[in-house]
Amino acid sequence: MDRKTLVSLRRTIGALAVASAWAWLGANAHAADAQPAANTVAAANTTNAPAPAAASVPAPIVRMEVHPERIKLSDPRDYARVIISGYDAAGLVRDLTNTAQLTIDNEKVVKIKNHRLSPVGQGSAKLTVRSGTLQKEVAIEVGALDQPRPVSFLLDVQASLTKQGCNQGACHGSPSGKGGFRLSLRAYDPVLDTETLIRESFNRRVNLADPLASLIIRKPLMEVPHVGGKRLGKTDEAYALLRDWIAQGCQLDKDPNIHCVKIEVYPKQRLYYLPADQQLMVTGHFSDGSIRDITRLADFSSSDQAVASVDTEGLVRGEQNGESTILVRYLEQMETIPLVFLEQRPNLKWAAPAEKNYIDKLVFTKLKQLQIVPSQPAGDEEFVRRLYLDVIGRLPKVAETEQFLADKDPNKRAKLIDQLIEAPEYAEYWALKWADLLRVRKTAVSEPGVFKFHHWLVQALRSNMPYDQFARQLLTAQGSTLQNPAANFFRAAAETNDCTETVSQIFLGARIQCAKCHNHPFERWTQDNYYGISAFFTRIQRKKSADDNDLVVWVARSGEVTQPRTGKQMQPWMPVRGTVPMTGESDRRLLLAEWLTAADNPRFARVEVNRIWAQVMGRGIVEPIDDFRDSNPAAHPALLDELARDFISHGFDRKHVLRVILNSQIYQLSSRSNEFNRDDAKYFSHYHTRILPAEVLLDAICQVTDVPEKYAGLPAGTRAVQMPGTDSDHEFLKVFGKPARETPCACERSGETNLSQALQMINGALLHNKLRDGDSRAKKLLTAGKSPEQIVRELYLAACCRAPNANELKAALTYVSANGDMARGLEDVSWALLNSNEFLFQH
Numbered sequence: 004m005d006r007k008t009l010v011s012l013r014r015t016i017g018a019l020a021v022a023s024a025w026a027w028l029g030a031n032a033h034a035a036d037a038q039p040a041a042n043t044v045a046a047a048n049t050t051n052a053p054a055p056a057a058a059s060v061p062a063p064i065v066r067m068e069v070h071p072e073r074i075k076l077s078d079p080r081d082y083a084r085v086i087i088s089g090y091d092a093a094g095l096v097r098d099l100t101n102t103a104q105l106t107i108d109n110e111k112v113v114k115i116k117n118h119r120l121s122p123v124g125q126g127s128a129k130l131t132v133r134s135g136t137l138q139k140e141v142a143i144e145v146g147a148l149d150q151p152r153p154v155s156f157l158l159d160v161q162a163s164l165t166k167q168g169c170n171q172g173a174c175h176g177s178p179s180g181k182g183g184f185r186l187s188l189r190a191y192d193p194v195l196d197t198e199t200l201i202r203e204s205f206n207r208r209v210n211l212a213d214p215l216a217s218l219i220i221r222k223p224l225m226e227v228p229h230v231g232g233k234r235l236g237k238t239d240e241a242y243a244l245l246r247d248w249i250a251q252g253c254q255l256d257k258d259p260n261i262h263c264v265k266i267e268v269y270p271k272q273r274l275y276y277l278p279a280d281q282q283l284m285v286t287g288h289f290s291d292g293s294i295r296d297i298t299r300l301a302d303f304s305s306s307d308q309a310v311a312s313v314d315t316e317g318l319v320r321g322e323q324n325g326e327s328t329i330l331v332r333y334l335e336q337m338e339t340i341p342l343v344f345l346e347q348r349p350n351l352k353w354a355a356p357a358e359k360n361y362i363d364k365l366v367f368t369k370l371k372q373l374q375i376v377p378s379q380p381a382g383d384e385e386f387v388r389r390l391y392l393d394v395i396g397r398l399p400k401v402a403e404t405e406q407f408l409a410d411k412d413p414n415k416r417a418k419l420i421d422q423l424i425e426a427p428e429y430a431e432y433w434a435l436k437w438a439d440l441l442r443v444r445k446t447a448v449s450e451p452g453v454f455k456f457h458h459w460l461v462q463a464l465r466s467n468m469p470y471d472q473f474a475r476q477l478l479t480a481q482g483s484t485l486q487n488p489a490a491n492f493f494r495a496a497a498e499t500n501d502c503t504e505t506v507s508q509i510f511l512g513a514r515i516q517c518a519k520c521h522n523h524p525f526e527r528w529t530q531d532n533y534y535g536i537s538a539f540f541t542r543i544q545r546k547k548s549a550d551d552n553d554l555v556v557w558v559a560r561s562g563e564v565t566q567p568r569t570g571k572q573m574q575p576w577m578p579v580r581g582t583v584p585m586t587g588e589s590d591r592r593l594l595l596a597e598w599l600t601a602a603d604n605p606r607f608a609r610v611e612v613n614r615i616w617a618q619v620m621g622r623g624i625v626e627p628i629d630d631f632r633d634s635n636p637a638a639h640p641a642l643l644d645e646l647a648r649d650f651i652s653h654g655f656d657r658k659h660v661l662r663v664i665l666n667s668q669i670y671q672l673s674s675r676s677n678e679f680n681r682d683d684a685k686y687f688s689h690y691h692t693r694i695l696p697a698e699v700l701l702d703a704i705c706q707v708t709d710v711p712e713k714y715a716g717l718p719a720g721t722r723a724v725q726m727p728g729t730d731s732d733h734e735f736l737k738v739f740g741k742p743a744r745e746t747p748c749a750c751e752r753s754g755e756t757n758l759s760q761a762l763q764m765i766n767g768a769l770l771h772n773k774l775r776d777g778d779s780r781a782k783k784l785l786t787a788g789k790s791p792e793q794i795v796r797e798l799y800l801a802a803c804c805r806a807p808n809a810n811e812l813k814a815a816l817t818y819v820s821a822n823g824d825m826a827r828g829l830e831d832v833s834w835a836l837l838n839s840n841e842f843l844f845q846h
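Its first residue numbered 4, the sequence shown is counted upward by one per residue in the numbering used here.
Hint data in this document are derived by calculation from the structure and do not stem from the laboratory. Take these hints with a grain of salt, some might be off.
[Claimed, not checked] The calculated lysine-lysine pairs, modelled on PhoX-like cross-linking and capped at a C-alpha distance of 25 Å, are:
1. Lys271 to Lys257
2. Lys359 to Lys371
3. Lys369 to Lys359
4. Lys783 to Lys713
5. Lys129 to Lys436
6. Lys257 to Lys233
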């Protein structure tokens with residue numbers, strides 16, 4: 004084999020070169036042979052929206068708002084900020100909080116420092132805010148300051164430790180702590196924190212006689228060595244609170260039931276043109292009726308640091324075009340604030356293909372707001388390959404491709420969608436996805452159980468069983484796992500905590516494993532919530548039958564769950580509805596299934612439509628698809644809500660939702676990007692390119708080479724996507740990310756590319772043996788008397804669903820002719836084609 008010539012051939016048809024296997028790894032973003040589209044899309048229903056003028060000098064502010072309009076302070080430690088917003092003639096907002104001029108008419112009542120207001124004495128004052136020629140006034144009232152409230156351990160000290168990161172999982176909040184000092188994660192256990200702060204280590208952590216000598220202050224100040232580095236400054240709110248709490252004798256709260264009931268963040272939602280900053284203000288509402296500014300004790304984080312960063316004081320800085328959600332937390336309370344930052348793009352002309360359904364309307368509206376121009380619609384060759392792979396998990400056969408490309412019917416795409424959704428392969432392919440989530444494997448459910456459970460999944464999908472009924476059958480299943488295959492759900496989830504976590508992740512999109520030991524650090528789930536859900540499953544019993552392959556699932560008449568930290572017996576609990584006191588011997592799962600599948604459940608339908616969307620779009624509206632939480636917001640909340648509403652209104656019909664998605668213009672956009680959307684990875688302005696799943700890729704290799712794979716214990720002709728379990732020890736499938744099905748997490752199936760995969764394709768035995776097989780496609784065509792041109796054309800149609808272009812055909816025929824051995828030359832052409840990005844990736 005002429006290595007240099009073959010490398011040239013691979014490059015010509017869009018494959019990687021042997022000399023640079025790592026180049027293959029970067030192809031997951033876009034096909035290497037994809038050509039950039041034009042900057043604008045020429046399509047029907049095109050509308051032009053004027054782009055904002057390039058603005059090196061911001062437009063003048065014509066109106067100013069100040070929030071809040073009145074301020075009330077009642078304690079020496081109180082403070083307040085005002086958020087100052089300026090608007091230009093077009094209504095665009097600019098934050099003036101840190102640039103406007105502030106003056107006080109009575110400094111005996113209030114003083115100003117660093118744009119914060121602090122009380123000095125009882126009385127009234129007036130704050131004047133000026134920006135240019137604009138002016139606003141804010142009334143201030145200060146109450147009696149002679150009886151300051153004590154520093155609260157729960158509301159001040161715990162919040163301070165959280166703000167400085169002392170009780171995070173990577174620091175003293177880890178289960179074993181750090182350096183012999185352990186705190187509860189994010190202050191979820193005040194009793195533990197009281198013990199460790201005040202009484203442990205011979206009271207060295209707090210020094211009542213000399214508060215500033217306390218280790219809890221000196222270490223984060225780095226006055227003594229601290230592995231965690233400097234975490235505290237003398238101007239920080241946390242420093243003053245810790246110092247004063249120790250000086251007051253480390254007193255615990257007289258009323259430990261006083262707590263923060265909610266926080267409010269201002270502003271709620273805004274759009275800005277870069278460059279832009281925004282100061283946030285956080286107000287805490289407490290159970291004793293008090294309200295105060297807690298901005299300096301709140302914790303801030305950004306969902307997308309590349310778009311917007313946020314500092315410890317709540318100052319958000321726009322970095323680049325896009326949308327970011329700021330998560331604001333104070334103890335167990337949290338709020339999210341979506342902010343949009345737009346670049347000045349004077350050359351942008353909005354253009355979009357014609358809308359086909361509500362998906363297009365919602366997505367195009369968002370793209371227009373974000374100044375992201377969608378790609379052109381995909382051509383028929385791109386579409387037919389994409390649709391077959393997404394819906395039934397295989398490439399179209401050559402005859403199927405030719406028939407579709409030759410069809411002149413303008414509705415042929417919709418017709419093909421209907422045809423494939425009803426094809427037998429649909430249920431087999433989508434059952435593969437559910438078998439991953441439900442852990443259908445021999446070690447979990449026995450070998451006969453694998454076949455039974457898998458067959459049940461295929462039949463449920465083939466009959467289009469409504470999703471609510473599907474979930475209820477799984478959640479309430481009992482009896483023999485061989486006679487009632489759905490009962491294998493409780494065989495794979497083999498104990499109470501496993502049931503709790505599996506049900507939450509699959510049906511609620513909540514990864515609540517953290518709440519088993521402590522309140523969830525990134526969500527609203529508490530430890531009580533975790534064990535409240537566990538109470539639905541604690542009575543489930545499992546007993547082996549006479550047949551070792553079978554297991555009987557049944558429900559005991561009694562059994563309760565005890566919260567391990569508090570020792571409290573937990574009543575069943577569910578989100579939204581709360582605690583559900585239950586007595587008697589009834590099967591508690593029935594109530595859970597009823598609530599879970601109810602139309603008003605805020606998550607059940609959203610999680611499933613997000614899963615369906617991700618399956619065909621390459622990523623979820625919420626990503627990861629089973630990680631719904633405030634700190635991981637949906638890329639398009641309105642789209643997710645509308646898909647869920649449509650799903651519910653059609654009786655939880657999964658095929659209906661899939662059909663709507665596939666018929667949308669959004670699904671049918673090209674994967675080729677343009678100048679304005681090449682950086683978009685989450686708003687669906689172009690089709691998301693990704694490597695084929697392991698089983699689909701193996702089947703595609705078998706189909707293109709026409710050499711089937713054999714699997715031990717399965718009938719000849721079985722495709723990889725039809726395999727019921729994971730127990731076949733197949734090296735190729737392992738390398739390309741087939742999951743072991745040990746957890747219910749969708750993340751177990753890897754979509755990442757790696758060097759091992761490149762080596763499998765470049766030099767692996769599987770591909771080599773199929774290409775050298777005497778019954779391979781190329782050799783059978785050669786034996787049948789087909790010309791090299793006809794063979795190359797069929798290879799392209801089989802692998803890429805298109806005919807080769809003139810340059811590709813010329814390069815392939817030149818190589819075959821120069822090789823001297825036509826069969827070997829065609830092997831090499833097949834090998835190069837199967838190593839091309841166009842074949843390996845879904846476009």
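Quick rundown of the hints versus the structure:
For the suggested pair Lys271 and Lys257, the alpha carbons sit about 35 Å apart, so the restraint of at most 25 Å is broken. Between Lys359 and Lys371, the direct Cα distance comes to roughly 17 Å. Compliance with the 25 Å bound is thereby established for this hinted pair. Under the criterion of a C-alpha separation no larger than 25 Å, the hint pairing Lys369 with Lys359 is consistent with the structure, at around 16 Å. For the hint pairing Lys783 with Lys713, the CA-to-CA distance comes to about 20 Å; that is within 25 Å, so the pair holds.
Pair hint Lys129 plus Lys436 does not hold up; C-alpha atoms about 64 Å apart against a cutoff of 25 Å. Distance check on the hinted pair: Lys257 and Lys233 sit about 32 Å apart at the alpha-carbon level, beyond 25 Å; violated.
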